[in-house]
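Line order of the protein sequences matches chains A and B. Here numbering that gives the first Met the number 0 is used: the first residue of the first sequence is 0, the next is one more, and so on. Here numbering that gives the first Met the number 0 is used: the first residue of the second sequence is 0, the next is one more, and so on.
Treat the hints as calculated values from the structure; they're not laboratory data. For glycine and all other residues, C-beta sits at the position ideal for the given N, C-alpha and C. Some hints could be false.
Said to hold, decoys possible - Covered stretches of chain B, as calculated for chain A (at least 3 residues, CB under 8 Å):
#1 117-129
#2 132-142
#3 148-160
#4 166-174
Below, each chain spelled out in residue letters.
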Amino acid sequence: MATTTNDETVMDQIAMALGGGLIVLGVVVLGLIESLSGAPRSPIADGEIASGLTVDPNIRAGMILVGVIVLLVYAIYAFATQQHLGE
Amino acid sequence: MANTEVDTTLFGTDVSYSIDGRWLAYWTLLLRLIVGWWFLHAGMGKLFEAGVQYNAQWFVTQEGTVVSPIMNVFADGMLYGLVQFMIPVGQTLIGLGLILGCLLRLASFFGAFLMVFFTTANQGWANGMVNGDLFGLLLFIALIILGAGRVWGLDAYIERTAFVQNNPWLRYILG
C-alpha cells in the first residue's frame with residue numbers, strides 16, 4: 000500500500016515553512032534561548048510575567064497564533080482552489 | 000510490519016519511508032477517541048452544571064493576552080450569550096464528532112479554534128509554554144491531517160456515498 004503525494008506547490012511550501020516555522024520558533028527556539036539565558040522555568044509568576052525573561056511570553060504566544068493563522072489561511076486557500084482532494 | 004509507503008516531497012526534497020499502517024490506524028483511532036472524550040467530558044460537564052449559560056466571564060474579560068482584543072468584544076451582550084452557548088455546546092459536539100468519527104475535520108477545526116484561544120489566553124505556563132492546551136491544539140491539527148474519522152468512524156462510510164463522490168469538497172470537512 001502506497002501513499003504518493005508529489006504535487007507540492009509553492010503555496011504548500013510557504014504555508015509549511017511560515018506556519019510551522021513560526022510555531023517552532025515561538026515554542027522551541029525561543030524556549031531554548033530562554034533556558035540557556037537562565038530564565039525562570041515558568042514565564043508567569045503569580046499571574047504576572049516573570050522577571051528575567053528575554054522575550055515576553057505573549058510575543059511567543061503571538062507567534063503560535065500567527066503560525067496557526069497562516070495554516071488556516073492556507074487551508075482556506077486549499078479549500079477554495081480544491082487542492083489535495085485525494086488526501 | 001511496515002506495509003505502508005509514504006512517498007512524497009517536502010520543500011522539493013524526496014521523502015520516502017515505510018511505516019506500519021496497522022499501528023498508524025490503531026494510534027490514530029486511539030488519539031481520536033481520547034481527544035474526543037476530553038472534549039465531550041468538558042462540554043457535558045459544563046452543560047450539566049450550567050446548561051447553555053456557561054460562565055465565561057473569567058475567560059473573555061482577560062486583558063493583556065494576544066487574543067484579548069478579540070475576546071473582549073465577546074464580553075457582554077448578545078455576543079457574550081453566544082460564547083456562553085457555544086463553549087459547552089461546541090465542546091460537546093466536537094467531542095461527539097471525534098468519538099463517532101463524524102465530520103471529523105470540521106469538528107477538529109473548531110477544536111483547534113478553541114485551543115488557539117485556550118493556549119494563548121489561559122497562560123497555564125507553570126512548567127513552560129508547552130502545556131496541555133498547546134498539545135490539544137497540535138492534536139486537533141494532527142487529527143485533521145490524519146483524516147482520523149476514516150478509522151472505524153462514520154466518515155469512512157459517508158465518504159463512500161454517491162453524494163460525497165459527487166461533491167468531493169466535502170472531504171475537507173469529513174475525513
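For each hint, the structure was consulted:
1. 117-129: holds (count 9)
2. 132-142: holds (count 3)
3. 148-160: violated (count 0)
4. 166-174: holds (count 4)
Violated hint for the displayed structure: number 3, the only one.
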